[in-house]
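Protein chains: 2
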Amino acid sequence: MNYPNGRKGTAQVLGKQEDSNQKFSNRGMTLENDINATNDYYLAAELAVIHKKPTPVQIVKVNYPKRSAAVITEAYFKQPSTTDYNGVYRGRYIDFEAKETKNKTSFPLKNIHPHQVEHMKSVIRQNGISFLLIRFSQLEETYYVTGDLLISLWEEHLQGGKKSIPYSFIKEHGRLIPFHYQKRVDYLTIIDQLHF
Amino acid sequence: MNYPNGRKGTAQVLGKQEDSNQKFSNRGMTLENDINATNDYYLAAELAVIHKKPTPVQIVKVNYPKRSAAVITEAYFKQPSTTDYNGVYRGRYIDFEAKETKNKTSFPLKNIHPHQVEHMKSVIRQNGISFLLIRFSQLEETYYVTGDLLISLWEEHLQGGKKSIPYSFIKEHGRLIPFHYQKRVDYLTIIDQLHF
Numbered sequence: 001m002n003y004p005n006g007r008k009g010t011a012q013v014l015g016k017q018e019d020s021n022q023k024f025s026n027r028g029m030t031l032e033n034d035i036n037a038t039n040d041y042y043l044a045a046e047l048a049v050i051h052k053k054p055t056p057v058q059i060v061k062v063n064y065p066k067r068s069a070a071v072i073t074e075a076y077f078k079q080p081s082t083t084d085y086n087g088v089y090r091g092r093y094i095d096f097e098a099k100e101t102k103n104k105t106s107f108p109l110k111n112i113h114p115h116q117v118e119h120m121k122s123v124i125r126q127n128g129i130s131f132l133l134i135r136f137s138q139l140e141e142t143y144y145v146t147g148d149l150l151i152s153l154w155e156e157h158l159q160g161g162k163k164s165i166p167y168s169f170i171k172e173h174g175r176l177i178p179f180h181y182q183k184r185v186d187y188l189t190i191i192d193q194l195h196f
Numbered sequence: 001m002n003y004p005n006g007r008k009g010t011a012q013v014l015g016k017q018e019d020s021n022q023k024f025s026n027r028g029m030t031l032e033n034d035i036n037a038t039n040d041y042y043l044a045a046e047l048a049v050i051h052k053k054p055t056p057v058q059i060v061k062v063n064y065p066k067r068s069a070a071v072i073t074e075a076y077f078k079q080p081s082t083t084d085y086n087g088v089y090r091g092r093y094i095d096f097e098a099k100e101t102k103n104k105t106s107f108p109l110k111n112i113h114p115h116q117v118e119h120m121k122s123v124i125r126q127n128g129i130s131f132l133l134i135r136f137s138q139l140e141e142t143y144y145v146t147g148d149l150l151i152s153l154w155e156e157h158l159q160g161g162k163k164s165i166p167y168s169f170i171k172e173h174g175r176l177i178p179f180h181y182q183k184r185v186d187y188l189t190i191i192d193q194l195h196f
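Protein chains in written order, with this note's numbering: chain A, 1 to 196; chain B, 1 to 196.
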């Protein structure tokens, strides 16, 4: 299957020989790649329109050898002021951030920027659907944590609470995201449970 | 008033001496600046959360003299596959593109990319609110054109129809966006009329 953006479907790239081992087939794929493949599938199947935002870059110098081939020769990465992914599902606004950790026992809150938490609060105030996807890459598990829960953990953390969220807490209060070949991080099933 | 991102409000920058001449006070501001100022106001007033997406850039080379100061030394502009602005208003997904023309009699359709029209179709299918803002900079007028209308004009154009939308047509079938000092492109008033 070819997706609208010309990328090949991830499932196809992995090949059929891995069908017998779901765990293994997820190995080595980054969370970002898996989410992009999932979003491509959602888009092609007309289930949702969700995209990753481009990396914010401060452009300083551009050379124009021809107008059609402008080269950026000096630019810097900017701190994102919002989350990475947003879009629409059944009329509702969807907005989330995705983070991966190699840590097996907890998720360090330093992975989240204060601006992003402020953004999540604003989104929730506007009745948007806000959440965080956390992948424990060593455990090959990806969890859905609601924006509300993340915000309350963040507030506790600011008032001298824990600097990280224990894995056991996420396992209990988050929701494990099912894995499918074409919907590698099928977060819409969780949204359906929580919001529809 | 200082907005969350540290930029000064546009109205403040313009100063009070221009109050008596609304037309003049808008001169020289780009549509993008006006929309950003409007979105800053909406965000600060907790009316809506709408941001411009970063310019999509293909990063080729990065130097890391120190980790904290990575310099991008080769990158290229990419064609945007979606629209420039999106976000949430009263739970609904908002998605739009904004274009400015110096032409006084029509809006050339070549300003819109086929990918963007496809994106608008997908957004409408998901029950999102999709539209195009067109500014006639010489006339100092900004119009709201619904995604549905743009798509039908685009389809006509592909089938050998006009290459541009006449100003008179936009004046009749679009909606003129009111100008306020803090809400320089107050498109939410139009969304309220059309969707709430």
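Simulated from the structure, these hints should not be mistaken for laboratory data.
Treat the hints with care, since some could be wrong.
If several chains are the same, the list does not tell them apart, and a pair holds so long as it fits within one copy or across any two.
Stated by the list, open to error - No more than 25 Å apart at the CA atoms, straight line, and that leaves these computed lysine to aspartate or glutamate pairs for DMTMM-like:
{"hint": "1", "residue 1": "LYS110", "residue 2": "ASP192"}
{"hint": "2", "residue 1": "LYS99", "residue 2": "GLU140"}
{"hint": "3", "residue 1": "LYS110", "residue 2": "GLU74"}
{"hint": "4", "residue 1": "LYS61", "residue 2": "GLU32"}
{"hint": "5", "residue 1": "LYS102", "residue 2": "GLU141"}
{"hint": "6", "residue 1": "LYS102", "residue 2": "ASP192"}
{"hint": "7", "residue 1": "LYS121", "residue 2": "ASP186"}
{"hint": "8", "residue 1": "LYS171", "residue 2": "GLU155"}
At 25 Å max between alpha carbons, let me know whether LYS102 reaches ASP192 within a copy, between copies, both or neither.
neither (29 Å within a copy, 46 Å between copies)
If the cutoff is 25 Å on CA atoms, where do LYS171 and GLU155 land: within, between, both or neither? Let me know, please.
For LYS171 and GLU155, only the intra-copy Cα distance (20 Å) is at most 25 Å; the inter-copy one is 50 Å.
25 Å Cα cut-off: does LYS110 pair with GLU74 within a copy, between copies, both or neither?
Answer is neither; intra-copy 28 Å and inter-copy 30 Å both fail.
As a check of your reading, is LYS99 near GLU140 (CA-CA no more than 25 Å) within one copy, between copies, both or neither?
Close inside one copy (13 Å), not across copies (44 Å); limit 25 Å.
First find the shortest C-alpha distance between LYS102 and GLU141 inside one copy, then the shortest across copies, and answer within, between, both or neither for a cut-off of 25 Å.
within (11 Å within a copy, 53 Å between copies)
If the cutoff is 25 Å on CA atoms, where do LYS110 and ASP192 land: within, between, both or neither? Let me know, please.
Neither. Shortest intra-copy (29 Å) and inter-copy (39 Å) distances fail the 25 Å Cα cut-off.
At most 25 Å between C-alpha atoms: does LYS61 with GLU32 qualify within a copy, between copies, both, or neither?
between (29 Å within a copy, 20 Å between copies)
Intra- versus inter-copy proximity for ASP186 and LYS121 (alpha-carbon distance at most 25 Å)
Answer is both: 24 Å inside a copy and 23 Å across each meet the 25 Å cutoff.
Hint compliance for this structure: hints 1, 3 and 6 are not met, and every other hint is.
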